[in-house]
Amino acid sequence: MIPTYPIELTVNGRRRRLGVAAHHSLLDVLRDDLELTGTKECCLVGECGACTVRLDGRIVDSCLVLAVEADASDVTTIEGLTPEGRPGALQEAFLDRGAVQCGFCIPGQVVAADDLLRRIPHPTPAEVQEGLAGNLCRCGCYEQITDAVLAAAEVMDR
Amino acid sequence: MRPFQYARPATLAEAVALLEAYGPEARLLAGGTDLVVRLRDGTARPSVVIDVKRIAELRPAIRQVGGHLVISAGTVMTDVAEDEQVRRHFPALVEAAEVVGSVQIRNRATLAGNVCNASPAADTAPPLLVYGAEAVACGTAGTRRIGLDEFFVRSGETTLRQGEMLTAIELPLPARRMGAAHLRRTRRRGHDLASVTLCCGVDEGGVTRLAYGSVGPRPVLVVDESGTLADPAAAAEAKAAIFERMFASASPSPRSMRASPEYRLAMLRVLGARALATAIARLAGRERP
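First to last, the protein sequences are chains A and B.
Residues in the first sequence are numbered from 1 upward in steps of one, following the numbering used here.
Residues in the second sequence are numbered from 1 upward in steps of one, following the numbering used here.
No wet-lab data here; the hints were simulated from the structure.
The beta carbon of each residue, even a glycine, is placed where N, CA and C say it ideally should be.
Mixed in with the good hints there might be a few duds.
Derived CB-CB ranges, DEER-like [stated by the list, open to error]:
| hint | chain 1 | residue 1 | chain 2 | residue 2 | range |
| --- | --- | --- | --- | --- | --- |
| 1 | A | Arg138 | B | Tyr263 | 48 to 56 Å |
| 2 | A | Glu8 | B | Gly42 | 24 to 32 Å |
| 3 | A | Glu143 | B | Arg161 | 46 to 54 Å |
Partial list, computed: chain B residues near chain A (C-beta under 10 Å) [unchecked claim]:
| hint | residue |
| --- | --- |
| 4 | Leu29 |
| 5 | Val36 |
| 6 | Leu39 |
| 7 | Asp51 |
| 8 | Ser102 |
| 9 | Arg108 |
| 10 | Arg189 |
Please build the complete structure, drawing on both the sequences and the hints.
Take a look at the structure:
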């Protein structure tokens, strides 16, 4: 019998209460228990960034966080960045610049780019590359992704 | 991942009691950027994982006590790199903390975890050695301080005893003005492990401290007290001879996929000379970190 641990956390503004096994990652719980499948599972070693979410105001690889560690935390996933169900300025910029090819890495890229623009509203190209260094794109769209973030910074002006 | 139990002690005494009760069956969890990978691939198979992040005594994250800056075990790289006190007194540690992994990793990985993991390539190890850091270890027998040079044994192995946990890294506030620089060599810029990671510090008394990693089973600290390295006017041959003695402990593995031993040894000399020049310039106030 595998014990479960009660956790209570806020996901995209909604309070969620559930029981989790200690060996289930935050990524597992977001996708399998909460059915938030925008967050992607890929390398599972913290190198690709496909599972990036914001945890208490900071982005993390959700594959490296145990769900039980996220107890009493505030989590924002890619779904939480589109509260009206329509793409925002950042996502529009990704589409406009052709940064979205196969699309698999894009939720993680967008969550990381959103975090970067919160910290640095007007980044240089080097700051964009550094801010997104933890997000791999196997379609190789790094130039388009960098362009998209720079273009979004222009129109968003937080 | 294989199932395990999870414990979240609220106090240090509770954490130490759990370590005592479970012995080698327990693993401490701080940031998890190494441990969760190992839990998943099965190379770590604890029956209980003890999360240290909500231990009351590990707050605040960074504080000054007497002549020391104390960085608690739960403190993540992002906080180390952003802290005003660390930036003022230990800029080379900031440089190292800023290049560990990615933003996502730095938001989670702790300084203490980087040290306890004892990876030969740990980027924060060289500056911590140069700045004379100590590890604070707490167990049922009490608390002891271990100089980092006596802490590292080999990859994954430290002198921390069974039942002890590292609660903080303590850095003595420099008694003499020091210029220091951290440099590393990687295959790609951003999010890669170092092929060579190195820190050089020069103080106003003419002492040069050099520490390097990823070129042997553990990070190495060497000190030149002759004043030759710190002297910008000293002959190049004299400096080269000292560097050769300092780098004699480097023994890079021929099995590593990141870089060949020949390349690492060559880059060790290049980075050593560059870091020394930068450290001297910073001590003289000619360059800011």
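Verification of the hints:
no.: 1; hint: A:Arg138 x B:Tyr263: 48 to 56 Å; result: violated (27 Å)
no.: 2; hint: A:Glu8 x B:Gly42: 24 to 32 Å; result: holds (31 Å)
no.: 3; hint: A:Glu143 x B:Arg161: 46 to 54 Å; result: holds (52 Å)
no.: 4; hint: Leu29; result: holds (8 Å)
no.: 5; hint: Val36; result: holds (5 Å)
no.: 6; hint: Leu39; result: holds (7 Å)
no.: 7; hint: Asp51; result: holds (6 Å)
no.: 8; hint: Ser102; result: holds (2 Å)
no.: 9; hint: Arg108; result: holds (5 Å)
no.: 10; hint: Arg189; result: holds (8 Å)
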